[in-house]
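Engineer: Given next are the chains, with one letter for each unit.
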Amino acid sequence: MRNPALAVASTIPQRLFSGLRPALGPLAFLMMGVNPLLNSQSHGQHFNYGAISGFALFAGVVAFHAKQVVLDTKGRLLPGAPRIPLAVAGIMLLIYLAAMPLLVHAVGPAPLLPLTAVIWLVTASALHFVVRSSWLSAVLPLLFFFTALKGDSALQMRVTAAVETPPIAWSLIAFSSAWMMYAGRLLSRMTEESPGYQPIGLRQARWNRSLGSTGEVNQVWRDPTRARWLAFAAPAEHRLQRATHRGASDNLWTRCRRWRSVNQRPYAIAVMVLLISAPNLWMTRNSPRLPGGLPQLSLMPLLTLFALIGAFTGLIYAQQWQIRSTDILKPGRREDFFREMGLCVAIDMARNVLGAAVLLAVLTALVAPASLPPLCSRHMLLAVIMASGGMVFSLGSVVWFLRLRLPVVVGMCTPIAQLPLFMMSATTASLPTALLVAAGFAVIGLGLTYDAYRRWLVTDLG
Amino acid sequence: MTDDVIVAAGVEKRFGRTEVLRGVDLTVPRGSVVGLLGTNGAGKTTLIKCMVGLLRVAGGQCRILGDDAWSLSPETKARIGYVPQVISFFPWMRVRDLVRYTASFYPNWNEELCGRLIRDWEIPADQRAGTLSVGQTQKVAIVLAVAHEPDVLILDEPAAALDPLARRQFLQLIIDIAGPGQRTILFSTHLTADLERVADRVAVLKSGQVTWSGLLEDLKEQTHLNLEESFLEMHHA
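The listed protein sequences derive, respectively, from chains A and B. Heads up, the first sequence is in the numbering used here, so the first residue is -14 and it goes up one at a time. Heads up, the second sequence is in the numbering used here, so the first residue is 0 and it goes up one at a time.
Bound-form chain A, shown alone (with noise of 0.2 Å):
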């Protein structure tokens, strides 16, 4: 691949699926969970590819964890650093084998062969696209979960029959584990030097190998039309320079505009929902109700999407924390640091938000016009107020629980920011009611963020 703007395209799935990697262990299960429900009338007939692409995804989340436990410089190089367990991978790998019987459950009696062949065959392609983070690789997962959200189609009963008989199943399976072994060699063998090294966005335009050296990417930057493009692949870069220029006045949105100026793949969360929500949009206009359910609850995993958002723009601050404690020794007061940075997540929360929102518009305008009148109907404006709640409820349990241990964390984050959906289903849908558990659930979160200010945040920064 020669073409540097192209290269910078490529690096949009393993970005993205950065983006996504705290959400996809819940996720994964929520799916396992939630698609059988919504696709009721397909149970035990044939394949859930939902549940098998939350599978798919669980098994990225893995292989993710087993990159970072093999490419732990840090943890092997710098004294004193803490080295991540491999008992954390070996029991994520539990996990992910403890959660079979749980997807043989959702996909009911359906014949053990190929559901072994699927799974391998996704689990390996999950596999290498951590390793290699290569467009080729991400194809199977994204098909499978298109294709899940499909429902009752033509194309998943033709995947299912192919897949079904059993020359066809045993030579996915030998091909599978010949992929998953080529892929765990490459993991075993990487070193810092290697190509899919570096974890996630850092490399824009120089991750390929065969793109070769940096010089290719600095003609870009001179060439105006490329140079845009990349101010949207690279928009960190771009913004930095412009927040960090010399001479510019100190006042609080300079400061906050400079704090967030790190922040990279800004993108990356609309892309998330773009991508995600399009899908359940589509499954919602087929599929739209809980058995004796709210109408609003069909949108639960989209309102568990927006509620997420929310929550994982604060999640992102959470996790540089502890590149971000040492700012608080650049010049300016302590209390300005801590109002500069709420205000940081602030912004970028309403910025996500009001994205997606935007975004999600748009999409229901192109991809189901008929389901725009709701929209703005009174089952959307309860459904957007659950949603609001479940997200300043997740983000202080998210900061709240950040005390403890990141993965305790992001386990919890999706039920957390279920949980007032669930609450709401339990009472009469009203707008007074909607009200109330909302701004009860927002207090409570607010509480907690407060809390974790006065307990966490605020003392030890080291």
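Since the hints were made in silico from the structure, they are not lab data. Hints are supplied without guarantee of correctness; some may be wrong.
[To be verified] Simulated restraints, written as ranges between beta carbons of each label pair:
(1) G40(B) - A424(A): 45 to 55 Å
(2) D436(A) - S72(B): 21 to 31 Å
(3) L82(A) - L231(B): 44 to 54 Å
(4) I308(A) - S72(B): 17 to 27 Å
(5) P123(B) - D436(A): 36 to 46 Å
(6) D321(A) - G65(B): 17 to 27 Å
(7) L328(A) - G58(B): 29 to 39 Å
[Claimed, not checked] Selected chain A positions facing chain B (in silico; Cβ < 7 Å):
(8) R243
(9) I308
(10) T311
(11) L314
(12) K315
(13) G317
Idealized CB from N, CA, C, for every residue including glycine.
Once you've looked at the hints, dock chain B against the given chain A.
Structural biologist: Leaving out everything else, chain B in the frame of chain A:
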């Protein structure tokens, strides 16, 4: 008015039930180069973090340049340079981005000094922080800590990952910075040879308490041993 730049008086710090600092008393006079010695787990990093206000003391008081360490004014912060033990940068940022970003916070950033150090230490300015070696990362952190010409430089095991050449250059830099006796430097280290070369004062931390503090020459005179032997003797005492 005292001429002590850093004052730790009866500093206590505990993490849960673990008492890390148990009434540390330490003063760092203006213009001195103080080496903080101690075994692993003695509390060096915790003490340094308390001194710069990254950790809140449970008891006692830490003052730096006359300010309480927990509530440093922006002006005081602009006069402090700090290199943590575990250095974390945003991995996507190139070295020149890191410099640009850090410089934007300091009104007195010395671009000439920064550029010279980057050249002399052969730091790849176009390389991303995530791809730097541990030694290169440490070099970058040191450059970022000294480029605004701080009055007080606090370094937590700054030379641990440097190669012999870079270590020599770093020690020379310390000597240059401290040269006229205007700047104060506190650094923790395990490398007693380095400390002997640049420090004029030593503080020994053992089990969360300062067991010895004073001029390096006095220590040698008292014990008739070199620094490493003195340290080992104190540790086993």
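Engineer: To test your reading of the hints: which numbers does this structure violate?
Structural biologist: none
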